[in-house]
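Chemist: Below are the chains, spelled out letter by letter.
Number of protein chains: 2
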Amino acid sequence: MSSERLIYLPLGGAGEIGMNAYVYGYGAPEKERLIVVDIGVAFPDMDTSPGVDLIIADIDWLVKRKDRIEAVFVTHAHEDHVGGIAHTYDRLQAPIYARKFTANITKRKMSEYNHPDDAVRIVGTFPHQVEAGPFKVGFQPISHSIPESSALVIDTPVGRIVHSGDFKVDLTPGVGEPFDPAAFEAIAKDGIKALICDSTNVFSQLPGRSEATLPEAITELVKSAEGMVVATTFASNVARVKTLAIAGAAAGRSVVLLGRAMKRMVEASVETGVLKDFPPTISPEQARDVPRENLLLLVTGSQGERRAASAQLARGKYMGLQMKEGDMFLFSSKTIPGNERGVIRIINQFSEMGVDVVDDSSGKYHVSGHANRPDIETLHDVLKPQAVIPMHGEHRHLREHVKVAEAKGLTGVLAVNGMMIDLSGNKPKVAEYIETGRTYIDGSVQIGAMDGIVRDRIRMALNGHMTITVLMDEQDEPLGDPWVDTMGLPDNGISNAPLTDVVEQDLSQWLGRAGAKILRDDKALDEGLRRVARQSSHNEIGKKPEVTVVVSRLS
Amino acid sequence: MSSERLIYLPLGGAGEIGMNAYVYGYGAPEKERLIVVDIGVAFPDMDTSPGVDLIIADIDWLVKRKDRIEAVFVTHAHEDHVGGIAHTYDRLQAPIYARKFTANITKRKMSEYNHPDDAVRIVGTFPHQVEAGPFKVGFQPISHSIPESSALVIDTPVGRIVHSGDFKVDLTPGVGEPFDPAAFEAIAKDGIKALICDSTNVFSQLPGRSEATLPEAITELVKSAEGMVVATTFASNVARVKTLAIAGAAAGRSVVLLGRAMKRMVEASVETGVLKDFPPTISPEQARDVPRENLLLLVTGSQGERRAASAQLARGKYMGLQMKEGDMFLFSSKTIPGNERGVIRIINQFSEMGVDVVDDSSGKYHVSGHANRPDIETLHDVLKPQAVIPMHGEHRHLREHVKVAEAKGLTGVLAVNGMMIDLSGNKPKVAEYIETGRTYIDGSVQIGAMDGIVRDRIRMALNGHMTITVLMDEQDEPLGDPWVDTMGLPDNGISNAPLTDVVEQDLSQWLGRAGAKILRDDKALDEGLRRVARQSSHNEIGKKPEVTVVVSRLS
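Taken in sequence, the protein lines are chains A and B. Under UniProt numbering, the first sequence has 341 at position 341, and the numbering climbs by one with no breaks. Under UniProt numbering, the second sequence has 508 at position 508, and the numbering climbs by one with no breaks.
Next comes chain A alone, as it looks inside the complex:
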């Protein structure tokens, strides 16, 4: 096949919520010019990725084709869309396009890693479009839980594509542009080849609620409080941060921003003009002299993150401020699945202090930033695309979203990470399966998720670790007894003798019986010692530890 084709390839985000990274290409097969939409992060957890700092999509496929990449577009400044930009810039070296606020956040991240500031280019909104090889890409404002979120209008030689980005249908979003159905209808007037569409809330059956439904209830709640009020939400939810701050000011409270992200987001919003009329704030130092009933703290850590301001306040003093009996802590947020334990931990810590915790179980203090099922259908309806390709979802979300599309007679395409879809013809079809995966940002190093490094960490966490040292003399005979050290293992097993003694004895016996051939052979020695140590441990403590064997030869 030599004719040109239009391709869509998700590298991340189609099979998980997080780690978004989508590729579009146009040209002859394996000669396509490429654009990338979003390079975000996912967050590690102890179950699957202990010790890892951040997770990004494996971009090897892109790196091998870096001379063909025209540009990277960032739909909005949430970490799962922008967090990987600075970590991949070295390898991709492509210009980055974003709107003003998003660019501000992106540039801050780029400069943290000493990347050139001017790699990030600020663009206006659609109908303005960026020319990127065969593509023209425009940023169409769409409502979400962060300012300046945008759908991308991607014009290609074979038709127009809309990439929704993250969105909700909110006509009164507080901060940022409302959802504008007429604008989308106009965009679709000559037809839409494909809509690549956010799937996060596809299982929510009722229409989503507007940000504008919150200020009254929040203001009332803050007014009713008697002690200090501490409220948390995602720092990037600037509209919410503003609502909370205004509620505080209206109740005669001085507003304090706590946590790096909170200060950075408000700063960036003010700098770029998306946030106006934010109440004056005072510093934590100033707050120490204000009576607690006149304070409202806006803090990071709505997900119970251990190092965020909320968790620090739950453990004790933070920046000289401390919560007390009669204070109120408000979660103006929901707990993302998987973060329950951390959130519950800080709620119980607050409970021990006598702090009243208000969460969103009443539904009055938080609304989601994503389109529920009826809102997803609204976007389908105004765009009437030839095909809907769900993205930004786990498999179950993508599958459900395909069903939603098909229920209204649209073509739905279930494409997970690595499935390259050919959009050229009348009906999308799978062109290729690309090997994809996850890259771990681990300290200052990037490692592959399948490299076995993290697997070894998990094994040490489950099984503990044992070091066996054996000294061999010039005649390849053991010099003295083997030496055993343990980490993460009990001192004594069922025989009540020290575990190390028991294992050392078993190793000595084995070495005594081992023939010259084994004693000369490092690999055989390693295998034998390891096997005996694991079996001996298992007999003693019911566990087979991970073992490091060090054989030192004097020869």
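Calculated from the structure, these hints are not laboratory results. Bear in mind that the values here come from a model prediction, so they are computed numbers and not experimental data. Check before you lean on any hint, since a few could be wrong.
A pair counts as met if it fits within one copy or between any two copies, since identical chains are not told apart.
Said to hold, decoys possible - Taking lysine-lysine pairs in the BS3-like style, the calculated list, with each CA pair at most 30 Å apart, reads: (1) Lys364 with Lys334; (2) Lys66 with Lys223; (3) Lys403 with Lys193; (4) Lys334 with Lys403.
Using the hints, position chain B against chain A.
Modeler: This is chain B only, laid out in the frame that chain A set:
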């Protein structure tokens, strides 16, 4: 103080949901005769207790007073109430009392650990009471999500106590006895000194629903299914298992029990007569010859546990059976907070197979086994206790439950693990603070949660592990170069040379500069090598690993 006193002491369960262990005592201080109510387990997680098998309350306080323990009473057969009995029997050696079904389950556990079968004694229901030193203890049937759950009526020389056990207010529980308000009123006719009361669902504002609201919806759902139906719930929820089996039989499906717990629970229920009219079942082998639309599988693993039948089916074949596109998987259960990741993992695996997953988001296929706030109030109302002491809850639940009691003019007492409450007088007061904690069942060994063993495992999971071996000759000079091995660490750091080479070089240099005094001193050598290796690693990979140093001296 030499007069006698009545004490209540939670060792587990008052500060967490799980790991229940409550003590009551009567006598002169430090001479009280004691009874224990429930010894349950909590479940480990990777975040806080990797590698651990089960968690029980630290019972050191009891062991030191074992000659004063009259008996252990088990309210019902849920793991968080009975799971620790066999693990503590050796140390407590006290007779165990339970009703027939609970005793059956307890005996099975005891015999797994070769404990005497007759340590578990079967008792009838209240008004029958067991004499245990100064106490008389009766089992009053109360509805819950397992057969034969009981509140304990504990008569003491200074009045009657009711220990609710886990309960809900269900007048039509399907299997097992309904909640009987008249019986509780009769129990309370001469006054109740204290109600020690389940707090799990205190934040649920609406009255709980009866088990009897489910069969119709479940039957309808199963009838509507076209492929194989696989349903999961807690195996111990015998009423639900029966409902699911009957729904299957009514739809012309053969019923298969999959998973050890599922078979054990049905067996115990039939043996003890609490389960009658259970539809006939077929074996997995027989099921292979039955068309899939005529099968209903009842499986373990409602919480996404990796080794349970549900997770195995999600990964592929289990016992020769396999799910396919068009099959249905029903969670007749809710996800316990903290288990979300595991449950979502299997839902996505089923989604990839094309299996339709039905969960309880509609509220039609599951009801909770615990009393909601209005139901807790019902128990308060029928018993009218002088004091309410909430148990079976995290701190936030206990605190809220105290508020509920106080709102109706009752005395509420917030007692967490280790708080010994003196119930002798007219108003409960704190008598003492006892040191409590958690014991980990880890392989075949029991270790203390604060022993540092599990902390080391967590550190290895976060930071990786490095072994340093140094050989010292007879003159206390290094013989050759230090040797570095790593586990759970990247091969190469930012200098692109192997990490082990870089660290070995830094260690060599340090050894070269170290004076004779340090080289002779094992501790100084250990500290220096460790410090250099961690700093060197940090420079290379941005991580400071856990280090084992082995210095072998030829002298």
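Chemist: It remains to establish, for every hint, whether it holds in the given structure.
Modeler: Hint check results:
Taking the shortest Cα distances, lysine 364 and lysine 334 sit within 30 Å of each other both inside one copy (11 Å) and across copies (24 Å). Taking the shortest Cα distances, lysine 66 and lysine 223 never come within 30 Å of each other, neither inside one copy (56 Å) nor across copies (55 Å). Only within a single protomer do lysine 403 and lysine 193 lie at most 30 Å apart by alpha-carbon distance; the minimum there is 19 Å, versus 59 Å between protomers. For the homomeric pair lysine 334 and lysine 403, the shortest alpha-carbon distances inside one copy (27 Å) and between copies (25 Å) are both at most 30 Å.
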